[in-house]
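Q: Just so you know, the sequences run in chain order A and B.
Residues 1 to 218 (the working numbering) are what the first sequence spells out, left to right.
Residues 1 to 168 (the working numbering) are what the second sequence spells out, left to right.
One or more hints might be untrue.
[Unchecked claim] SDA-like, lysine to any residue: derived pairs with alpha carbons at most 25 Å apart:
{"id": "1", "chain 1": "B", "residue 1": "Lys107", "chain 2": "A", "residue 2": "His194"}
{"id": "2", "chain 1": "B", "residue 1": "Lys167", "chain 2": "A", "residue 2": "Leu96"}
{"id": "3", "chain 1": "B", "residue 1": "Lys24", "chain 2": "B", "residue 2": "Leu39"}
{"id": "4", "chain 1": "B", "residue 1": "Lys119", "chain 2": "A", "residue 2": "Glu208"}
{"id": "5", "chain 1": "B", "residue 1": "Lys155", "chain 2": "A", "residue 2": "Leu12"}
{"id": "6", "chain 1": "B", "residue 1": "Lys119", "chain 2": "A", "residue 2": "Trp97"}
{"id": "7", "chain 1": "B", "residue 1": "Lys167", "chain 2": "A", "residue 2": "Lys37"}
{"id": "8", "chain 1": "B", "residue 1": "Lys155", "chain 2": "B", "residue 2": "Pro76"}
{"id": "9", "chain 1": "A", "residue 1": "Lys37", "chain 2": "A", "residue 2": "His194"}
{"id": "10", "chain 1": "B", "residue 1": "Lys155", "chain 2": "A", "residue 2": "Ala92"}
{"id": "11", "chain 1": "B", "residue 1": "Lys150", "chain 2": "A", "residue 2": "Leu7"}
{"id": "12", "chain 1": "B", "residue 1": "Lys167", "chain 2": "A", "residue 2": "Pro87"}
No wet-lab data here; the hints were simulated from the structure.
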Amino acid sequence: MMDIYELVRGPLAGVALTLFVLGCLYRIVVLLYTGNKEPVPDASGRTGNAVRSILHGLLPFGSTYMRKQPLLTVVSFIFHLCVIILPVFLLAHIVLWYESWGIQWRSLPDFLADFMTLWVIVACIYFIFRRLLRTEVKQVTRPIDFGWLIIIMLTFLTGFLAYHQWGPYRPILILHIFSSEILLVVLPFSKLGHMLFFAFSRACMGAEFGKHMQAGDY
Amino acid sequence: MMNIKQRTFNLFDSRYSLLDVKLKHFVGQLMQKTLLKKLLVMGFALWGLTVWSDAFAQEAEYNLAHRDVFGKLRRPQVSFSHEIHADTLDSEGCGICHHVQDERNGKPIYIEGEELDCKECHLQRKDNKIPALREAFHGSCTVCHRRLIKNSRPKAGPTTCGGCHLKR
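Please take these sequences and the hints and turn them into a complete structure.
A: Take a look at the structure:
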C-alpha cells in the first residue's frame, strides 16, 4: 500500500498543480476567444480607462465600494495578501520545493506566518457571517460559496495546527495538503476564479463607464 | 556436641598462634593474587575500550541542533540515531552520508577514515556550489527516506516535517 502522505505530497500534488495551470489557461483562452466587440458605434475599448480601473481595484481604499466599507476593505485586503504570499514564502513549503525541484528563496519569519494564518482564518469566519447576514451579499450567495470558504479555512487551520504539532500530526498534515489541492483544482472553475478574471471584469467595467464619464453629455 | 563447637571456635583463637599466622599468610597471598588479576583485567578492559571507541568514535544517538550554524532554531531539533542508520545502510557503505569532495573533479567520494561532520563543508548558504547545511540535511534524510518508501520499504523513516522535527 502506498503511503498516504507520500501520495498526496507527490503524485496528487503534481496532478493538482497541472490541473490548476491547465484550468487557468483553458479559462483565459476560452474567455479571450469567445469575447467579441460590442456592436455599437463607439465600442468601449479605451485601454487607459481599463488600466485605471484595475489599478483602483488593486489599491486599498482605491474604489468607492472600499471607502464605504472600511472594515471589509481592511479584512479583505490583508486576507488576499496573506492567501497569495503565505503559500509561496512559508519556510516549510520552500523546503518542499527544494526537495522536489532544487529551487529556493527567502522565507517569511515564523511569527509573521502565524499571524497571517490566523488572519486568514478569522477573515474566512467574517466572510461566512457576511454572506449569511448582509442582504446584498446573501442574494448573490450560493450554498457552494460557503463550501469554498470552509475549505480555505480548513487549509489554513490544518496548516497552523501542523506547524504547532497540535492534535494528530499526520492526519492533519494530510488533510492540509489534500484540501489545498482541492482548492487548486477548483480555483479556475469556481468563484475563486476571480483571481484570474478580476482584471478582465474590472478592465471591461472601467472601459465601459470611463466612456460615459468622458462623454460630456451631462 | 559441645566439645566440637568449642574446638572450631578455638581454631581462630589467638592462642593458636601458629595456625593463625599461617592462615593469615595464606589469605593475604590469595588477596594479592586476585588483586593483581583484577588490576590486570581492568587495565586490559580499559585499553580495549579506548581502542574500540577510537575505531567507532560515534555516539548511538545525536541531537542535531547546530546553533553555531543556524543561530536561533526555527524548528524543533532532530534526534538522529547513528546506530540505526549505520546498521541499516551497512551494505551501502558509510559514503552514502560521509563523503568528501574529490580534489580532481569535485564529485563526492568516500575516503575511509575521513568521516566528517556534515557541517564541516555544508555551511550556511554563500556562493559555494554545494548545498547549505539545511538543504544537505533535507536532501540526504528526507529524499533518501522517500526513495526507500518508493522502493516498498514503508517504514524507512519519516518524510514529513514533524516526523523528524518532533516537538517536545
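Q: Please list, smallest to largest, the hint numbers that this structure does not respect.
A: Violated hints (numbers, rising): 1, 4, 7; every other hint is consistent with the structure.
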